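Chains L and B supply the protein sequences, listed in that same order.
Counted the way the working numbering counts, the first sequence spans residues 603 to 775.
Counted the way the working numbering counts, the second sequence spans residues 34 to 122.
No lab work stands behind these hints, which were simulated from the structure alone.
Treat the numbers as computed from the prediction; the structure is a model and nothing was measured.
Don't take each hint at face value.
Said to hold, decoys possible - Partial chain L-side listing against chain B, Cβ under 7 Å, derived:
no., residue
1, P695
2, V696
3, G698
4, I723
5, E746
6, A774
Stated by the list, open to error - With a Cα cut of at most 25 Å, we get these calculated DMTMM-like pairs of lysine to aspartate or glutamate:
no., chain 1, residue 1, chain 2, residue 2
7, L, K769, L, D693
8, L, K773, L, D693
9, L, K769, B, E99
10, B, K63, B, E99
11, B, K112, L, E753
12, B, K62, B, E50
13, B, K96, L, E746
14, L, K769, B, E37
15, B, K63, B, E53
16, B, K96, B, D120
17, B, K116, L, D693
18, B, K116, L, E711
19, B, K96, L, D667
20, B, K96, L, E665
21, B, K112, L, E735
22, L, K769, L, E735
23, L, K773, B, D120
24, B, K62, B, E37
25, B, K63, B, E50
26, L, K773, L, E711
27, L, K773, L, E732
28, B, K62, B, E36
29, B, K116, L, E732
30, B, K112, L, E711
31, B, K116, L, E610
32, B, K96, L, D693
33, B, K112, B, E99
34, B, K96, L, E753
35, B, K112, L, D718
36, B, K116, L, E753
37, B, K96, L, E735
We put the CB at the ideal spot given by N, CA and C, even for glycine.
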Amino acid sequence: MQIRALREADDRSRFRSGDPDLDRFLQRFAGQNQFRHYVGVTYVAVEEDSVLGFATVAPGQVEIDALAPAQRDRLPRYPLPVLRLARLAVDRPVQGQGLGGRLLRFVLELAGRMADGYGCIGVVVDAKPEAAEFYARHGFVALEAVLGASESRPQPRPMFLAMRAIKAAAKAR
Amino acid sequence: MAEETQISALVTRATREMLERRVRAFGVKKGHLVEQALQHYLVALEQLPADVIVHPRLVVTRKSGEAILRQTRSGRPTKALRKLLRDAD
Numbered sequence: 603m604q605i606r607a608l609r610e611a612d613d614r615s616r617f618r619s620g621d622p623d624l625d626r627f628l629q630r631f632a633g634q635n636q637f638r639h640y641v642g643v644t645y646v647a648v649e650e651d652s653v654l655g656f657a658t659v660a661p662g663q664v665e666i667d668a669l670a671p672a673q674r675d676r677l678p679r680y681p682l683p684v685l686r687l688a689r690l691a692v693d694r695p696v697q698g699q700g701l702g703g704r705l706l707r708f709v710l711e712l713a714g715r716m717a718d719g720y721g722c723i724g725v726v727v728d729a730k731p732e733a734a735e736f737y738a739r740h741g742f743v744a745l746e747a748v749l750g751a752s753e754s755r756p757q758p759r760p761m762f763l764a765m766r767a768i769k770a771a772a773k774a775r
Numbered sequence: 034m035a036e037e038t039q040i041s042a043l044v045t046r047a048t049r050e051m052l053e054r055r056v057r058a059f060g061v062k063k064g065h066l067v068e069q070a071l072q073h074y075l076v077a078l079e080q081l082p083a084d085v086i087v088h089p090r091l092v093v094t095r096k097s098g099e100a101i102l103r104q105t106r107s108g109r110p111t112k113a114l115r116k117l118l119r120d121a122d
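If we strip away everything but chain L, and leave its shape as in the complex, we get (with noise of 0.2 Å):
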């Protein structure tokens, strides 16, 4: 099994999660998002031609409303950069199998090499209102967004993990 970018040529027709919006987003909005125009990453775990999951992704930043002005000065002025992860979903005969958690630790690497690279506080997910547990568990905090939020319905709520968890998750390896 392999995760890589997603291809034109990749199958995603035979992709069911169970959830039909990250289906029919797999199957014909991430191309066009990803090879069109440029929004956005998705990512493919595959084995054998088949698509087995998926994680989309984009930069992102996150603002905060009204900061108190002590907290203020001790703040950069702009926008903190964050990678946001969109989507993330993996196909039904294989859920329950780990991949997943295969797919969040490999949008985790990605973050901490575009920390690395350019700057990352952390990773903001849109999660469903059914996998904000998994990602609580893994230490996302619920926010509370003014402007931004996903469209999606049921809405997703966002949630984030600091990349100072991230880095030191990964050196206690």
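For chain L, the structure is supplied; the task is to place chain B on it using the hints.
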């Protein structure tokens, strides 16, 4: 030549500064750049439904911002996160 009309809009100071930097750097007219940007954005919106768009800018409440700052300064990995990254080897 297409008929032109005027629009006005309130934007953030940061957006205006970005626009002016770009105009200075590339020597294009402000109106041309705004029209190009709007065209790109609106055409993209027509081709992608709103629910599949990932907004690059997320503005969070002050309380959430404070949580981000705490995590950034002193966040420690959970047991599950350590296990997840340890299993990579």
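The hints, checked one at a time:
1. P695: violated, 22 Å
2. V696: It is violated, given that the least Cβ distance between L:V696 and chain B is near 17 Å, above 7 Å.
3. G698: Violated - the Cβ of L:G698 stays beyond 7 Å from chain B, reaching only about 16 Å at its closest.
4. I723: Cβ of L:I723 sits 6 Å from chain B, so the hint holds.
5. E746: holds, 4 Å
6. A774: Nearest chain B Cβ about 5 Å off; hint holds.
7. L:K769 - L:D693: violated, 29 Å
8. L:K773 - L:D693: Violated. L:K773 to L:D693 sits at ~31 Å, over the 25 Å cutoff.
9. L:K769 - B:E99: Judged against 25 Å, a Cα distance of about 21 Å means the pair holds.
10. B:K63 - B:E99: violated, 37 Å
11. B:K112 - L:E753: It is violated: about 32 Å lies between the C-alpha atoms, which goes past 25 Å.
12. B:K62 - B:E50: Answer holds: B:K62 to B:E50 is near 15 Å, not above 25 Å.
13. B:K96 - L:E746: Judged against 25 Å, a Cα distance of about 8 Å means the pair holds.
14. L:K769 - B:E37: violated, 53 Å
15. B:K63 - B:E53: Given pair B:K63, B:E53 holds - Cα atoms ~8 Å apart, limit 25 Å.
16. B:K96 - B:D120: violated, 34 Å
17. B:K116 - L:D693: holds, 23 Å
18. B:K116 - L:E711: holds, 14 Å
19. B:K96 - L:D667: OK: B:K96 and L:D667 at ~9 Å, within 25 Å.
20. B:K96 - L:E665: holds, 12 Å
21. B:K112 - L:E735: Cα-Cα ~14 Å, so holds.
22. L:K769 - L:E735: holds, 22 Å
23. L:K773 - B:D120: holds, 13 Å
24. B:K62 - B:E37: Within the cut-off at roughly 14 Å; holds.
25. B:K63 - B:E50: Distance of about 12 Å is within 25 Å: holds.
26. L:K773 - L:E711: holds, 12 Å
27. L:K773 - L:E732: Answer violated: L:K773 to L:E732 is near 30 Å, above 25 Å.
28. B:K62 - B:E36: holds, 17 Å
29. B:K116 - L:E732: holds, 22 Å
30. B:K112 - L:E711: Status holds; Cα separation ~17 Å.
31. B:K116 - L:E610: Judged against 25 Å, a Cα distance of about 34 Å means the pair is violated.
32. B:K96 - L:D693: The given pair, whose Cα atoms are some 36 Å apart, is violated under the 25 Å limit.
33. B:K112 - B:E99: Holds. B:K112 to B:E99 sits at ~23 Å (cutoff 25 Å).
34. B:K96 - L:E753: holds, 22 Å
35. B:K112 - L:D718: Between B:K112 and L:D718 the Cα gap is close to 24 Å, so the pair holds against 25 Å.
36. B:K116 - L:E753: Between B:K116 and L:E753 the Cα gap is close to 32 Å, so the pair fails against 25 Å, i.e. violated.
37. B:K96 - L:E735: holds, 21 Å
The structure does not agree with the numbered hints 1, 2, 3, 7, 8, 10, 11, 14, 16, 27, 31, 32, 36 stated previously, though it agrees with the rest.
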